[in-house]
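Going line by line, the protein sequences match chains A and B.
Under our numbering, the first residue of the first sequence is numbered 1, with each subsequent residue one higher.
Under our numbering, the first residue of the second sequence is numbered 1001, with each subsequent residue one higher.
To be clear, the hints were calculated from the coordinates, so they are not data collected in a lab.
Virtual Cβ for every residue (Gly too), placed ideally from N, Cα, C.
The hints are all genuine.
Cβ-to-Cβ under 10 Å is the rule here; a few derived chain B residues that face chain A:
| no. | residue |
| --- | --- |
| 1 | 1004 |
| 2 | 1006 |
| 3 | 1044 |
| 4 | 1045 |
| 5 | 1056 |
| 6 | 1058 |
| 7 | 1095 |
| 8 | 1098 |
| 9 | 1100 |
| 10 | 1101 |
| 11 | 1102 |
| 12 | 1104 |
| 13 | 1105 |
Pairs of lysine-lysine residues, derived as DSBU-like cross-links and limited to a Cα-Cα distance of at most 30 Å, are as follows:
| no. | chain 1 | residue 1 | chain 2 | residue 2 |
| --- | --- | --- | --- | --- |
| 14 | A | 61 | B | 1042 |
| 15 | A | 49 | B | 1057 |
| 16 | A | 49 | B | 1042 |
| 17 | A | 61 | A | 49 |
| 18 | A | 68 | B | 1042 |
| 19 | B | 1042 | B | 1078 |
Listed below are the residues making up each chain.
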Amino acid sequence: AQSVTQPDIHITVSEGASLELRCNYSYGATPYLFWYVQSPGQGLQLLLKYFSGDTLVQGIKGFEAEFKRSQSSFNLRKPSVHWSDAAEYFCAVVPLDNTDKLIFGTGTRLQVFP
Amino acid sequence: EPEVTQTPSHQVTQMGQEVILRCVPISNHLYFYWYRQILGQKVEFLVSFYNNEISEKSEIFDDQFSVERPDGSNFTLKIRSTKLEDSAMYFCASREGRSQPQHFGDGTRLSIL
Chain A
1 AQSVTQPDIH
11 ITVSEGASLE
21 LRCNYSYGAT
31 PYLFWYVQSP
41 GQGLQLLLKY
51 FSGDTLVQGI
61 KGFEAEFKRS
71 QSSFNLRKPS
81 VHWSDAAEYF
91 CAVVPLDNTD
101 KLIFGTGTRL
111 QVFP
Chain B
1001 EPEVTQTPSH
1011 QVTQMGQEVI
1021 LRCVPISNHL
1031 YFYWYRQILG
1041 QKVEFLVSFY
1051 NNEISEKSEI
1061 FDDQFSVERP
1071 DGSNFTLKIR
1081 STKLEDSAMY
1091 FCASREGRSQ
1101 PQHFGDGTRL
1111 SIL
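If we strip away everything but chain A, and leave its shape as in the complex, we get (with noise of 0.2 Å):
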């Protein structure tokens, strides 16, 4: 079946470490692929997105995703976490199959300690 799959739903990590958020999706052909961020109340924020050409797309707030397409996956990076990106973050595609929909995933909790 076609879906977006985020296998962590809550990471814990010190502040400065790095930090990689793991995204599949399971679509035909590849798919526009995103990620956004959720803090406590708020909206959603577009963090970076990918449609085509280089593979290692730079984002927002020092986030950046690499899109493996052998491995259907676009993982979220950053090398060093700040207490401030503690959030919710979602990986989202639009499948193309004549659809301009979001597909969402589950969603991983990030917190941040000290």
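Dock chain B against chain A, hints included.
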């Protein structure tokens, strides 16, 4: 930076009542969306809207739901007779064109009593 704005931020309504959630998309955007997030669950697509008509809707978007763009700036979601299970955070999003990302508002938390 232009934003999608949603009002109200929190709406409390009695079951069976009608509710209208309002959104002002980014001004030069052409594609509009509603999503919802039930507490503890993932964000789900409800409906997309382009050129003054619905372009796609999900199974959730039944006859109790409707959308409207009454003027050049607002985009509304109406739930005609609310049910307890309609309690959720509702997000509006808009997009400028193809190969452009969707931008979201801060959401309206709808609580049905």
